[in-house]
Amino acid sequence: MQKLFKKGIKKQAGLPPGTLIFTGEEKVEKIKINILDYKKEQYEEKVIENIEDCYPYKDTDTVTWININGLHDIGLIEKIGECFKIHPLVLEDILNVDQRPKIEDHDDYIFVVLKMLKYDRNTNELNIEHMCLILTNNCVISLQESEVDVFSAVRQRIKMSRGRIRVLGTDYLVYALIDSIVDGYYTILEVYGEKLQDLEKNLVENPTPNTLQLIHNIKRDMAFIRRSVWPLREVINALIRGESKLIHEKIEIYLKDIYDHTIQVIDTIETLRDIISGMIDLFMSSISNKMNEVMKVLTIIATIFIPLGFLAGLYGMNFKNMPELNWYLGYPMLLLGMLIVALFMLGYFRKKKWL
Amino acid sequence: MQKLFKKGIKKQAGLPPGTLIFTGEEKVEKIKINILDYKKEQYEEKVIENIEDCYPYKDTDTVTWININGLHDIGLIEKIGECFKIHPLVLEDILNVDQRPKIEDHDDYIFVVLKMLKYDRNTNELNIEHMCLILTNNCVISLQESEVDVFSAVRQRIKMSRGRIRVLGTDYLVYALIDSIVDGYYTILEVYGEKLQDLEKNLVENPTPNTLQLIHNIKRDMAFIRRSVWPLREVINALIRGESKLIHEKIEIYLKDIYDHTIQVIDTIETLRDIISGMIDLFMSSISNKMNEVMKVLTIIATIFIPLGFLAGLYGMNFKNMPELNWYLGYPMLLLGMLIVALFMLGYFRKKKWL
Amino acid sequence: MQKLFKKGIKKQAGLPPGTLIFTGEEKVEKIKINILDYKKEQYEEKVIENIEDCYPYKDTDTVTWININGLHDIGLIEKIGECFKIHPLVLEDILNVDQRPKIEDHDDYIFVVLKMLKYDRNTNELNIEHMCLILTNNCVISLQESEVDVFSAVRQRIKMSRGRIRVLGTDYLVYALIDSIVDGYYTILEVYGEKLQDLEKNLVENPTPNTLQLIHNIKRDMAFIRRSVWPLREVINALIRGESKLIHEKIEIYLKDIYDHTIQVIDTIETLRDIISGMIDLFMSSISNKMNEVMKVLTIIATIFIPLGFLAGLYGMNFKNMPELNWYLGYPMLLLGMLIVALFMLGYFRKKKWL
Amino acid sequence: MQKLFKKGIKKQAGLPPGTLIFTGEEKVEKIKINILDYKKEQYEEKVIENIEDCYPYKDTDTVTWININGLHDIGLIEKIGECFKIHPLVLEDILNVDQRPKIEDHDDYIFVVLKMLKYDRNTNELNIEHMCLILTNNCVISLQESEVDVFSAVRQRIKMSRGRIRVLGTDYLVYALIDSIVDGYYTILEVYGEKLQDLEKNLVENPTPNTLQLIHNIKRDMAFIRRSVWPLREVINALIRGESKLIHEKIEIYLKDIYDHTIQVIDTIETLRDIISGMIDLFMSSISNKMNEVMKVLTIIATIFIPLGFLAGLYGMNFKNMPELNWYLGYPMLLLGMLIVALFMLGYFRKKKWL
Amino acid sequence: MQKLFKKGIKKQAGLPPGTLIFTGEEKVEKIKINILDYKKEQYEEKVIENIEDCYPYKDTDTVTWININGLHDIGLIEKIGECFKIHPLVLEDILNVDQRPKIEDHDDYIFVVLKMLKYDRNTNELNIEHMCLILTNNCVISLQESEVDVFSAVRQRIKMSRGRIRVLGTDYLVYALIDSIVDGYYTILEVYGEKLQDLEKNLVENPTPNTLQLIHNIKRDMAFIRRSVWPLREVINALIRGESKLIHEKIEIYLKDIYDHTIQVIDTIETLRDIISGMIDLFMSSISNKMNEVMKVLTIIATIFIPLGFLAGLYGMNFKNMPELNWYLGYPMLLLGMLIVALFMLGYFRKKKWL
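Protein chains in written order, with our numbering: chain A, 337 to 691; chain B, 337 to 691; chain C, 337 to 691; chain D, 337 to 691; chain E, 337 to 691.
Each hint should be verified, as a subset may be incorrect.
If several chains are the same, the list does not tell them apart, and a pair holds so long as it fits within one copy or across any two.
As a list, the in silico EDC-like pairs of lysine to aspartate or glutamate whose alpha-carbon atoms are at most 16 Å apart [as the list claims (entries may be wrong)]:
| no. | residue 1 | residue 2 |
| --- | --- | --- |
| 1 | Lys586 | Asp443 |
| 2 | Lys421 | Asp395 |
| 3 | Lys375 | Glu388 |
| 4 | Lys689 | Glu629 |
| 5 | Lys688 | Glu629 |
| 6 | Lys586 | Asp441 |
| 7 | Lys592 | Glu440 |
| 8 | Lys687 | Glu541 |
| 9 | Lys592 | Glu579 |
| 10 | Lys368 | Glu483 |
| 11 | Lys375 | Asp395 |
| 12 | Lys592 | Asp441 |
| 13 | Lys363 | Glu588 |
| 14 | Lys688 | Glu541 |
| 15 | Lys438 | Glu380 |
| 16 | Lys438 | Asp603 |
| 17 | Lys689 | Glu541 |
| 18 | Lys581 | Asp444 |
| 19 | Lys656 | Glu385 |
It should be emphasised that the hints constitute simulated quantities derived from the structure, not laboratory data.
Sequences are here, hints too, so could you generate the full structure?
Structural data, given as structure tokens:
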């Protein structure tokens, strides 16, 4: 079962706001900080050890993308907060892996919370990862829980100077990052689409209680995905409508494109939910149907043989005076009678369409 | 099962926006480009080989309708994009056959995505086809996946100069094209209406698991149709409200007419869904009912013959001292007793209304 | 089954807008045109043969009500269109009997589409009839499919000069016509209310599959009624809010009254739907319950007699060495044992509350 | 069954608006008119015979509350209408006991329709009573169907000059009257809450078809209560927002208080509906469960004794050559074998957790 | 069952507004009043006996937090009302423990009603406690029913001067109090999350009627929690949007944070409801499935042994002329025949996948 809350939530209750507590599990051994600094003609990539090493990039005229894998080091988050003058409540949200997607416009920077979805085909588990983006005038800081590199395509595009990414600013970079996360949603939904298709065959051919269990697992995962994606719509809408000076007008068309994709993802989730509820109905009726079939077999056998058995029992009685027993043709006549009864029963069942 | 996504969606994830990738299947062998150029007194129709042949029509004072069947040639789409100065993200949407219906007003042109529905009566499959319209000042470009000519009636009207189509501009042509697509929705819904009517008879007379399967297939198709039609409402509404200079005021009344039709289609979809859910309930209860009937037969037979069988067994015992066995009328008296028991049982069942 | 679409819808697809095609069935043999012309002191009623005969009334200072029964004569509709300068799309809507309720304000006239409901107690069928009203400055044209005269009360009021109808203008006449249609909805809902009450008794006393079928028929009819009434709310609201010079301010209070009635009709439809869904639940559970009862009888009989039958079978065996068979009291002792077993079973069932 | 419409609705259809027809049942023999006239230092209460006796109070500077029990005298209503210059449509609404709650602001007076709920513990029937309030500058007229005095507490407060009621005007009196009606809703809901609690115990201990019937009755009553209370929200909201000069600003806080109570009543209705739907589910599953238990008993008995019976039957056969029959220990060995089979079966059932 | 209303509600009906009546149970023996007075450099905490002792703090320049545990002393509430000039309707709401969450801005003070949730793990009961906050310029009064100290963390923060609480005013204190209540909601939901997880295992392994009962209890508790939390959203939103001079602009970001948390709590409630409804479906189907299994066992046993029993019965008949009985190999041949019949049956069941 996908947990509703990660561990550690209790620790948080009652503390003053802005108290930094990491609510997730440590998913990486060592926090990895990666810097990518570029402008049209210039490109630099490096892995740094200490967060202090990124301070110099803060006020250059280049676009700097600081990517941090691993959120459990509160000290590090505090240092970023100090350096970039981030509000303590924002830092708290970065560390709270249960925070739902949202956007906050703090004049000097925009803070975005997203959820990254991964599906582990080995354990058949959905993995929802907390992802934060901070957009300042010339820096983008992306923070994520684990080491998985979802942004390699974006990094590659910057390196290769593919498309317009090197020409445009931090807002376009943020767009590119969100875009690649939303693209990931499609992949996830496709996985579930395939799983449903596989299950559907099973449903018709051989429904087992396990089938229902699997459908319900998908249904629940879908509820969690929905919870992660629905608020994203509002987030991107706020980015489009927002009058932040950090988002330039020419980025709007790109944001609308992600908005479109988000709507389509939501649409697909709803369609999948519809399909799932239809499958549950089908399953239920196919179980009923199987029961019906079992009952029919029982009824046919019992209904034919119980009366015949009675007749046999009748002539197994030990009454002294049972004239039929002494008839020469008694036995074959009884057998004939039994055959007639059986055929009559079979005829009745055929008429009822039970055969 | 109607696929949730067409193949190729995975390729797209992570690529820079505006990268042109065709996500559908190749439905035509050779892309067909058809040009129809007209004004009040003039009419010209021709099939061209190279897209370059349509460039001259771009800035004439006639209305030019360029119809393209087949979307898999990315080069061709790129050329159109260059010639008509279409934004790369629009070109991407043209090629993405999973794009949901939408409208985009780019000052110089309006871009509309629609879904065309076809029902294949041989395979009993619903077919959803991607359809794009680009409306410029004096050109309309329509792009569709396959070769099916849905617009023949419109073409005929232009040729014959029927109605006001030759007098009015590109906006009216776009209206006429959307109108003929929406008209197609009615036909599709009528097909499903008829299928439901056929199934309904089955439901009452002879419900089989297959019946439910068929109802569920219709239900799922309905979900996909809904997904294609719902956003259309917003699209047409945006066309009506929109303040684009490309849509003239006198077209508004026609657009309102399509809007009306779209509402009616949506309305009908909802009514069909209502009917379907009622039919599923009926099916379920008719299955229960059949089971009930099976149980009754079993119960009647078993309840009558099990006690009689017991009596017969009683007098089949080999006790030395069983005086009844030696009575002269023992056997007929027992038979009489059995008859009374059976009649009593039958009376009880009649009282219970099981017979 | 109430048809989703009337016949003829296919013919329409792809035709130019404003092409006049009648989509319904011919419900009257001969179209009947009836004129009623009145002002405060003057009253004239006549049946005319040719639509041309009503032209003179077009610009008089009296209120003229032209009532047309039968829509299948396209020529007639065209003539009205020419005479009163009605837009071709409006004429198309008049002929399209599937058009949902709507209102259109074309400066010089207001066009209203309504649905008239009739319930045929002989065939137990709901009948939805297309009804159009055109309101000009001094004329009201009402068009309906069949000959049924729903407006006789209004006609009587004009004739008798009852109420304020002779004093007020065309807007009040339109109000009176809509009002009498909405009043008809109450009558229909009352019919369904009564049918449900009848069915409810059946549900408790003697549920048959037919009962469910009847409930489902009502449910479906309710879906069709809902579809006819819901949009009416918007229609009347638009009349109230509308700033047409054809609707005078003092009529507003009357329109609000119909609005109120419409809301109440919708309210009642929703309540009936609620009641219906409750009845389906009750039916289902009463079926389950009956099955349960059947099963109990079977179980009681089988559970008592199968063990007894076994005992009887035991002493019917032919082993040489079965000392009990030779006991003098073997038989009565066995009978006593059987009685004890049977009583024990009955006690168990009583404890389980199966008896 | 709570009637959907009171009798008499048919008579109304087609009549001119403002025609006064009483649609309810006569609930009182004689209409009772009660006048209460007060200002800060003055108090007068009397029962009058003729409505004309209240005319003098119309324009005094005191607050006059005219309470009328019984609506079936159309003449009386007409006289009130003339005296207070009430619009005929308002008079029609007073007489139409099916009118849903609404508010109408006619400059000189405000007209409010409410529903009073009563629960008759003897017949277990919900009673919905029509209640109208007319608020003029210095008069409040309250009209209700039956004789039940719901306003005795308010009357007492005026008499005793408790609270601020004698100081404030007609608007406060109207508030006090509505408040006492809304307070009555709580009492009704409490009754249903208790009934549900009683039923719930039954549900777990001893579900009978009657239990479901009772739950469904409550569900239906709840639908009718909902229908009476929901529109009230809008009514009170309109009073608060309304800019009528008849409602003074200092009354607003009191109206907000009733609004709050109305919301809470609606809230409670929704919670009760939730609880009811949960109880229906529980009932259904408890029926299934009982069936399951019945089936288990049958299966256990049949599965144990049918094979044993077969064995007994086997050795009851009359073959000449059946060596076992002649063994000295044949019989006890068979008994032992049967015991082993029975124990094996019991073990199997225990493993399956059927025992 | 969580009561819908606390006792005492009936007493209230019909009384004049502002009449003070305590509608809850007395949850504390002695009302406890606690004062906490602080500014940046100063801190004082004391328990007072008489409410009059807090009057001096009313107009100091320090922040004074008066915490009252126990609401049943009407005199005390009246004194507070007089001292702080609270409107009688507000006092009524303080005493009405069924009041739903709301906010009222009375220029000089803001009145907030909240619900505090507690889960008693011993009785497995949800406890909803009434909580009121009054915010004046320099005082915060918190009133709660019982003695449970939910605010100890806040008190500690003030004492230790942790965070910014000593620097900011009453608005921040109110924020801190609401925040700690909302934090409590997470804890409650986590408890229910865990209970569901425990139940889920049961559902798959060993569904009993009790399991369903437990799920339904959670479902009902969830309905009550929802009712307590939903309105909170509006409350906090009103605080944020509100233009009260009592809420300073710099508090807004903190209020937005609680708003966020509230949304997340609501979100989680909805997800839990989804999961619960899925579990009920699973339970139902697992019951069906068990029945199916029971039926299969019965059918297999009966279907194999009934025909065999019939054969045995056949040769137990006492006809004189039954040649098979005299055959030397009659008995073993019959046994062989029975074996074949049994194997055939088993094969059939295997084919049907019942084994």
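Hints, verified against the model:
1. In this assembly of identical chains, Lys586 and Asp443 lie within 16 Å of each other by CA distance solely across copies; the values are 14 Å between and 20 Å within a copy.
2. Taking the closest pair of Cα atoms, Lys421 and Asp395 come within 16 Å of each other only inside a single copy of the chain (13 Å); across copies the shortest separation is 37 Å, beyond that limit.
3. For a Cα distance limit of 16 Å, the shortest separation of Lys375 from Glu388 qualifies neither inside one copy, at 22 Å, nor across copies, at 37 Å.
4. Taking the shortest Cα distances, Lys689 and Glu629 sit within 16 Å of each other both inside one copy (12 Å) and across copies (12 Å).
5. Proximity of Lys688 to Glu629 under the C-alpha cut-off of 16 Å is found in both arrangements, the shortest distances being 13 Å within a copy and 10 Å between copies.
6. For the homomeric pair Lys586 and Asp441, the shortest alpha-carbon distance between copies (15 Å) is at most 16 Å, but the shortest distance inside one copy (19 Å) is not.
7. In this homomeric assembly, Lys592 and Glu440 come within 16 Å of each other (Cα to Cα) only across copies, at 10 Å, whereas the closest approach inside a single copy is 19 Å.
8. In this assembly of identical chains, Lys687 and Glu541 lie within 16 Å of each other by CA distance solely across copies; the values are 13 Å between and 27 Å within a copy.
9. In this homomeric assembly, Lys592 and Glu579 come within 16 Å of each other (Cα to Cα) only inside a single copy, at 15 Å, whereas the closest approach across copies is 19 Å.
10. Taking identical chains as interchangeable, the C-alpha atoms of Lys368 and Glu483 lie at most 16 Å apart only when both belong to the same chain, with a minimum of 8 Å there against 49 Å between chains.
11. With identical chains, the CA atoms of Lys375 and Asp395 are at most 16 Å apart within one copy only, with a shortest distance of 14 Å there and 39 Å across copies.
12. Taking the shortest alpha-carbon separations for Lys592 and Asp441, only the inter-copy value of 12 Å comes in at or below 16 Å, while the best intra-copy value is 18 Å.
13. Taking the shortest alpha-carbon separations for Lys363 and Glu588, neither the intra-copy value of 35 Å nor the inter-copy value of 34 Å comes in at or below 16 Å.
14. In the homo-oligomer, the alpha carbons of Lys688 and Glu541 lie at most 16 Å apart only across protomers (11 Å), although the nearest pairing inside one protomer, at 25 Å, exceeds that limit.
15. For a Cα distance limit of 16 Å, the shortest separation of Lys438 from Glu380 qualifies neither inside one copy, at 31 Å, nor across copies, at 40 Å.
16. Taking CA atoms no more than 16 Å apart as the test, Lys438 paired with Asp603 passes between copies only; the shortest distance there is 13 Å, against 20 Å inside one copy.
17. For the homomeric pair Lys689 and Glu541, the shortest alpha-carbon distance between copies (11 Å) is at most 16 Å, but the shortest distance inside one copy (22 Å) is not.
18. Taking identical chains as interchangeable, the C-alpha atoms of Lys581 and Asp444 lie at most 16 Å apart only when both belong to the same chain, with a minimum of 9 Å there against 27 Å between chains.
19. Neither within a single protomer nor between protomers do Lys656 and Glu385 lie at most 16 Å apart by alpha-carbon distance, with minima of 108 Å and 98 Å respectively.
The structure shown violates the earlier hints numbered 3, 13, 15 and 19.
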